[in-house]
Structures are given as structure tokens and as C-alpha cells.
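Student: The lines below spell out each chain.
2 protein chains.
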Amino acid sequence: MNNYEQLEKIIGYSFNSKSLLLEAITHSSYAYEKKLKKNYERLEFLGDAVLQLIITEYMIIKYKDLNEGVLSQYRSFFVSEDFISEIAKKINLYNFIRLGKGEIVTGGNRKPSLLADTFESLLAAVYLDGGYNEARRIVLELMSDLIDEYIQGKKVIDPKTELQKITQKEFGYLPEYRIVKEEGPEHDKVFTVEVKLHNCTFLGTGKNKKKAEMDAAKKALDHIQSIVKAD
Amino acid sequence: MNNYEQLEKIIGYSFNSKSLLLEAITHSSYAYEKKLKKNYERLEFLGDAVLQLIITEYMIIKYKDLNEGVLSQYRSFFVSEDFISEIAKKINLYNFIRLGKGEIVTGGNRKPSLLADTFESLLAAVYLDGGYNEARRIVLELMSDLIDEYIQGKKVIDPKTELQKITQKEFGYLPEYRIVKEEGPEHDKVFTVEVKLHNCTFLGTGKNKKKAEMDAAKKALDHIQSIVKAD
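Chains V and Z, in that order, give the protein sequences. All the letters of the first sequence, read from the start, carry residue numbers 933 to 1163 under my numbering. All the letters of the second sequence, read from the start, carry residue numbers 933 to 1163 under my numbering.
Pulled out of the complex, with its shape left as it was, chain V reads as follows (with noise of 0.2 Å):
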């Protein structure tokens, strides 16, 4: 078995053209190293919105009590790099990936914004060369159980994104982060953020705004949990 006929395996999907998915598998690098006129880039263009397509569908019909606000922030987190890449590594694609010389000294098929371009690529070309539904099955039995676990609150995304989802259902209202203070050399800032729910004021620190309100975020989720066991 060639190592395409591996990947085949792994996706349970044999290809009718094997060119394409060659291209779906082949970096810039390679392409321009071996002077080949295809890489993935156009697939991994259509594969991007093949991808938003199953996953929305699939949030939409199964999940019928939460609104676009919701699904939304979901959404973006299921297609954003760090999700797919991970998806990516499932199959072992950095296995598959064609790459240039300097991309393999530099372990380019471990990066993950590599991994999860070349998912979407190998995502169109299943589209174009089986249909819909073909990459709908290979996308749902990759991601299905973890997107329900996500949703269903069994994984959390990341502070923030929980908290709004909490603050939206249970209180009606979304969280306002607010700079309270900004110290330190312009090279080595220290932010503090402030986070209000009801009566309560959650600070968070980091060398960044953001990171200061995902730590803010983290101790308002902190204190909300503890309140839940204690009840």
C-alpha cells in the first residue's frame, strides 16, 4: 500500500482522481521545488467553505435551542486553526503532507496553520471528486463527538467565549471587559483588566489586553463554579 492508499485508509475514501488529491496534499514548497503548476492553495480556498457548510448545518439541526449568537462564537472556534489542526493530527496528515526541503528541516508538517490548510484542501477535494455528502461523513466522524462536547459543556473553548455563553443564558447580558490599569516599560507592559458580573468584579492580569481578560475571564468562571458545587 503506497501512502496515498494509506491516507485513502484513514479517510475512508478512495479517490477517483489521485491527482487530485495529490494536490490537495502538496505544499508551495514542494510544488515549487519540483516545478509542479498545482499546490493546494485554490482547494484549500473551497475546502475552507465546504467545512463552515458541514459545520453549520450540522449546529443548526442539532443544536435547535441556541441562537445564530451562539452557534456563531461555536462556529468559530470549530474552524479556526487551532481546532482543525488538531482534527489534522487525528489522521496523521503531517505524514501525507508534500513539502520542500526547507520546509521539512523547519518540521513544517507539524505547524499547525500547515495542518489545517492542508485538512481543508484534502476537504474540497473529497467535495469536488465525491460530493457533499462524502466530505460531510468524513468531517462529521472526525468532529462530531468533539463539537458535542464543546456544546454540551463537557470541554471548554477558552474563558471568554465560556463566560459570554454563561453570562448570555443565565443573565441576559453579554460581559464588559474594561482596562483598569496598563504598568511596566513598553517591552515588558503588564495589563489589568476588570471584568463586572452583577455585584461582582473579577481582575485578571497579562502582558497583553487579551490574555489580561481571558485571566479575568478564567477567575469570573472560577468563582461561578465554586458557586454551583456550593449549591
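What the hints contain is simulated information worked out from the structure, not anything from laboratory work. Heads up, a few of these hints could be off.
Same chains, same label: a pair holds when it works inside one copy or across any pair of copies.
Stated by the list, open to error - Restricting the straight-line Cα-Cα distance to at most 20 Å, the calculated cross-link-like pairs of lysine to any residue (SDA-like) are:
#, residue 1, residue 2
1, Lys1021, Asn1065
2, Lys1087, Asn948
3, Lys994, Tyr1064
4, Lys994, Ser951
5, Lys1142, Tyr945
6, Lys969, Ile1156
7, Lys970, Met1146
8, Lys996, Asn971
9, Lys970, Gln1100
10, Lys1033, Lys1128
11, Lys941, Glu1081
12, Lys1141, Ile1036
13, Lys1142, Glu1000
14, Lys994, Asp1061
15, Lys970, Phe947
Here the structure is a predicted model, which means the values were calculated and not measured.
Put chain Z on the given structure of chain V with help from the hints.
Tutor: Same frame as chain V, now just chain Z:
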């Protein structure tokens, strides 16, 4: 023929589930007034992804020589509120949107955002009721000629996008804009921006940076066109 049958006739699709069609054209203001549980917002969230895939697929298959960077710019335009609301007008969608009284008074059914949103929700309803191919047929019947006209240069999107397309194709680089002057009081500023192409510099002015850039791009395009005509 009732109102909804007219809409079905216009788009050439008869719904199995009329309640899905109704959901797709129900604005939140109407749902609120009539105490209905559903408005079009969840469908719109799905429709956005359906539209994105249809347009991406169309461009990727038809325009094999355009790279994903150029296609991505076009896609942004083809899924924009501006563009989609014009498409919605072509099928007189404003006649069919169910609006609350307040929205009717303020001409809500002519708002571009509302027209674009309803078009997307209608598309999602077709997708769920009749499948992807039906949704694609409707979109392409309404849009493919326009998409072609823009991509083939018979219509122009906006000067900045157009200029970018040309410089990327002809010179292999993207235009860079630089603010060279900012004058006048805070409430009445005039920005001057320059864009350089080879040895030529074009200046544009406007009340904000974006307008000044558009003006500069327009002048660069006028210059290029005068050269092309003189050729």
C-alpha cells in the same frame, strides 16, 4: 395565487415545508408582534454558509487561472450586503418579508441589511427543504452572469480592489497606500493619500483614509486606462 406562491414562482422552487418558507421571510419584529417563536435569524446563519460555498465553488471551477488571493477578494464582494441586497431586489424580495409595524413605517423592507439577510435565510430554507443543488441553481441563475461580468472586468467593483487585481496580475505586487497629509479641524479633516506604481505617484483626497485611498486608486486606474487606450 397567494403571496408565498408568488415568491415560489419567482425563484422556481416549491417548498415541501411551507412553514420553513414562512420562517425564512419572518423578521424578528414581526415574530415579536405576533408572538411567533421563529424568525429568520437562525436560517440566515446557515444561508450565509450555503451562499459562500456556492459562490466559491462556482469561481474555483470556472476561473482556473485565478489564484485564491484574487478569488478571495471577489468572494468578499459577492457575499457582501451591497451585492446581495441588489440580488434580493431582482426577485422583489421586499414584497414578501414579514415585518413588524415599526419596521414597516421606517421602510425596513428596503434596508440593504434586511434584504441581504432575508435572501440568505431564503437560501437556507431552500437548502434544507430541497438540497444543495436547488439552492445552487437559484443562486447561479441570479448571480452567475454578474459574477462573470465583474471577474471578466466588464463591471468594476471598487477602485482599490480593481487596482489591486491589475497590479497583482501585471506587476506581481500589491499597491501600497501612504497618508501624506492630514489637515483641517477634527470634525472636518481632509486626508491626502498617495499610491505608487512603478515610477508614478497618484494622490487622492477624502474625508477619511479610506475615501482618500479610493480616490488615489481611481486616479491610478484612470491613468492605466488612458495608457491602455493609447496602446
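Student: Give a verdict on every hint.
Tutor: Now for the hints, and whether the structure bears them out:
no.: 1; hint: Lys1021 to Asn1065; in the structure: neither (23 Å within a copy, 32 Å between copies)
no.: 2; hint: Lys1087 to Asn948; in the structure: neither (38 Å within a copy, 38 Å between copies)
no.: 3; hint: Lys994 to Tyr1064; in the structure: both (18 Å within a copy, 19 Å between copies)
no.: 4; hint: Lys994 to Ser951; in the structure: between (36 Å within a copy, 19 Å between copies)
no.: 5; hint: Lys1142 to Tyr945; in the structure: neither (41 Å within a copy, 47 Å between copies)
no.: 6; hint: Lys969 to Ile1156; in the structure: neither (55 Å within a copy, 30 Å between copies)
no.: 7; hint: Lys970 to Met1146; in the structure: neither (41 Å within a copy, 34 Å between copies)
no.: 8; hint: Lys996 to Asn971; in the structure: between (39 Å within a copy, 13 Å between copies)
no.: 9; hint: Lys970 to Gln1100; in the structure: between (46 Å within a copy, 19 Å between copies)
no.: 10; hint: Lys1033 to Lys1128; in the structure: neither (52 Å within a copy, 36 Å between copies)
no.: 11; hint: Lys941 to Glu1081; in the structure: neither (26 Å within a copy, 43 Å between copies)
no.: 12; hint: Lys1141 to Ile1036; in the structure: neither (35 Å within a copy, 42 Å between copies)
no.: 13; hint: Lys1142 to Glu1000; in the structure: neither (24 Å within a copy, 31 Å between copies)
no.: 14; hint: Lys994 to Asp1061; in the structure: between (27 Å within a copy, 16 Å between copies)
no.: 15; hint: Lys970 to Phe947; in the structure: within (18 Å within a copy, 42 Å between copies)
The structure fails to meet hints 1, 2, 5, 6, 7, 10, 11, 12 and 13 from the earlier list, while all remaining hints are met.
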